[in-house]
Amino acid sequence: MRKEILFIVYTFLFLVVQSCFDSSAPNYQYFPDMYEPIGYTTYSESDAFNNGIEAQEPVNGTIPRGMMLYEYPNSNEGYEDAKINLLSPIDYNDEDRAIGKELYGIYCALCHGNKGDGQGILMKREKFLGVPSYADRDITLGSIYHVLIYGRNAMGSHSGQLSIKERWQVAHYAMELRKELIK
Amino acid sequence: MNRIKIKYLKGVLIPLFFITSLSFNFLFSQEEQILTGKKLFNTHCAACHKVKKKAIGPAMRGVSEKYDREWLYSWIKNSASMIKSGDPQAVAIWEEYNRTAMNAFPQLSNVDIDNILAYADYIPPVPVVAQSLPVSSGGENTGNYNDLILIALVLVFLILTAMLILVKRTLIRIASASGVKIVSEKKPKDNIALSILSAFAKNQFLVISSVILLMLSSGYYVYAWMMQVGIDEGYMPVQPIHYSHKIHSGANKIECKYCHSSARVSKHSGIPSLNVCMNCHKNIAEYNGEEDLENGYDRDFYTNEIKKLYAAVGWDEDNQVYTGKTQPVKWVRIHNLPDHVYFNHAQHVEVANIECQKCHGPVEEMEIMYQYSPLTMGWCINCHRESNIDLKGNEYYKKIHEELSKKYGVEKLTVAQMGGLECGKCHY
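Chains S and L supply the protein sequences, listed in that same order. Per our numbering, the first sequence starts with residue 427, numbered consecutively. Per our numbering, the second sequence starts with residue 19, numbered consecutively.
Take the hints with a grain of salt, since some may be wrong.
Said to hold, decoys possible - In silico lysine-lysine, PhoX-like type, Cα no more than 20 Å apart, as pairs: (1) L/Lys271 <-> S/Lys527; (2) L/Lys70 <-> S/Lys553; (3) S/Lys553 <-> L/Lys56; (4) L/Lys325 <-> L/Lys70; (5) L/Lys325 <-> S/Lys553; (6) S/Lys541 <-> S/Lys605.
As the list claims (entries may be wrong) - Across the chosen pairs, the derived CB separations fall in these ranges: (7) L/Gly332 <-> S/Tyr466: 41 to 49 Å; (8) L/Asn337 <-> S/Pro515: 35 to 43 Å; (9) S/Met493 <-> L/Asn371: 40 to 48 Å; (10) S/Arg578 <-> L/Asn371: 17 to 25 Å; (11) S/Ile510 <-> L/Glu49: 23 to 31 Å; (12) L/Asn354 <-> S/Tyr496: 30 to 38 Å; (13) S/Ser589 <-> L/Leu166: 49 to 57 Å; (14) L/Thr344 <-> S/Tyr496: 22 to 30 Å.
Read the hints as simulated data drawn from the structure, not as lab findings. Where is the CB? At the ideal position from N, CA and C, for every residue including glycine.
Build the full structure now, drawing on both the sequences and the hints.
Laid out in structure tokens, this is it:
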């Protein structure tokens, strides 16, 4: 009798150990010293701030490192102003072009298409509509930069994804595409 | 007219059409008109107008009845000049939409505009709903299913054994109670078994080797079990919004870095902030893509998930404005190295040019995100032993590479040979 009971108990234990794995919960850890960070980590919760999260926006009136003040307001006047007066600070060389092309492929081509004709994959699949061809818009480097910062109508801002220099590299590349299209 | 009537019977046309566009019947068949109208609408107007719903501008269906044709021609070709000239209807709508400027479209002809309006008023026939039978077999859940069957079988087996033992015992009890003497046929057998056992017990070599064998095999299992402690391969938590990489990066081919943009420049890949989602989802309010009925994900389910996104960013869909009432989405973090390890995405993604998929698996096929790699030290080290360094356009590497390749006598250096196994590189 004892043998049989033991057999059953062992089988049961084996099954329990085997079935512990639950894909929706993290696994056990063994002596997790120095596993959990003591400092705040990216996006963690924190009770130091009122809204309970660690990621905070910059304090009003301060400028984060690597950013710069953008003087043109988010309005139709600001747009027209930037179109004429905002000039590119970079001298667009081959290296810039390669980077601009790569970034354009990541951030713009899905809507604007690889050629800038407004036939990106989202347009072709009719998920996102109303993307114009660059050829149909009267745009300049300055106006593209302005649109990347604030967005325009149905297009959202891309300033969070691209740094200042990268925005200019993309703007130059987009103008290049426009030249191709108009030709 | 006869031809058209037949078409109407097919349910392709609606009566509204005849009235609004009879004059062009001889130029265009209606279908073509709708098709060209749709194309024009999608390229020029869809950014601000939706057919049925208010977007940045008003809904387009019904405008052809609201205004007369000439007014519409001149409005669409140049709305600003109409507002300037003080046309009462134009000023009214301009005020209603907070003086948002509509682009001028001098390039559109009257015919183009007629096509656009025809498309806007066109109500497609209700399609005959094809009954799609859910396919059984296959799918992600088979693994689980098999496990369940196995467990059930084992349970049944256990219960059967227990019952057999019980039955045997009661039978013996009944037999002895009714005075039947059970001639134990087992006795001689037992003796044989016993004698084998005792012979075995007396043979020390056999005993020791079988004990060692037992310990080795159980040790193997214990070791295997202990080695997976702390490894989260396959970890697949439920996220607050059912966000599907399969739909975004698989079907719609959105680049990983569009959302995980900091992978290019920093240690973290990061989870996109919700304003990145809204770059697209201001316009994509409902889901019209493929369904996954097997797992119970139909269009309504997906659309509902998009509404959750709207609730989180505080987007009022009906009025197309942000309400300012936001609540952060608490994504559950999946990949997480212990704090004593330093891993940098930019180094691997930008410098080494490694595809995300090499470490994160077939993300574009994941309906629900899970951890694909073990993320153990052995995993990192293995790859560092096998991967060569990409030297393109890097003067620093060029010099050090020449010196090191002379030292090791190889053509191409692996990460390990460049020092990628030094403890301090990963532990700090």
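Verification of the supplied hints:
Straight-line distance between C-alpha atoms of L/Lys271 and S/Lys527 comes to about 18 Å, which keeps the hinted pair within the 20 Å bound. A hinted pair counts as satisfied when its Cα atoms are at most 20 Å apart, and L/Lys70 with S/Lys553 qualifies at roughly 16 Å. Between S/Lys553 and L/Lys56 the CA atoms are separated by roughly 14 Å; this keeps the pair inside 20 Å, and the hint holds. Proposed proximity of L/Lys325 and L/Lys70 is supported: the alpha carbons are some 18 Å apart, at most 20 Å.
At most 20 Å may separate the alpha-carbon atoms for a hinted pair to count; L/Lys325 and S/Lys553 meet this at roughly 17 Å. For the hint linking S/Lys541 to S/Lys605, the alpha-carbon distance of about 11 Å falls within 20 Å, and the restraint holds. The beta-carbon spacing between L/Gly332 and S/Tyr466, approximately 25 Å, falls outside the hinted interval of 41 to 49 Å. Distance hint check for L/Asn337 and S/Pro515: the Cβ-Cβ separation is about 39 Å, which falls inside the suggested range of 35 to 43 Å.
At about 28 Å, the beta-carbon gap between S/Met493 and L/Asn371 misses the expected band of 40 to 48 Å. Taken as a hint, the range 17 to 25 Å is violated for the pair S/Arg578 and L/Asn371, whose Cβ atoms sit roughly 34 Å apart. Evaluation of the 23 to 31 Å hint for S/Ile510 and L/Glu49 yields a failure: the beta carbon distance comes to about 45 Å. At roughly 36 Å, the beta-carbon separation of L/Asn354 and S/Tyr496 lies within the given 30 to 38 Å, and the hint holds.
Judged by the Cβ atoms, the range 49 to 57 Å given for S/Ser589 and L/Leu166 holds: they are separated by roughly 52 Å. Our hint of 22 to 30 Å for L/Thr344 and S/Tyr496 holds, since their Cβ atoms are close to 24 Å apart.
This entry does not satisfy hints 7, 9, 10, 11, going by the numbered hints stated previously.
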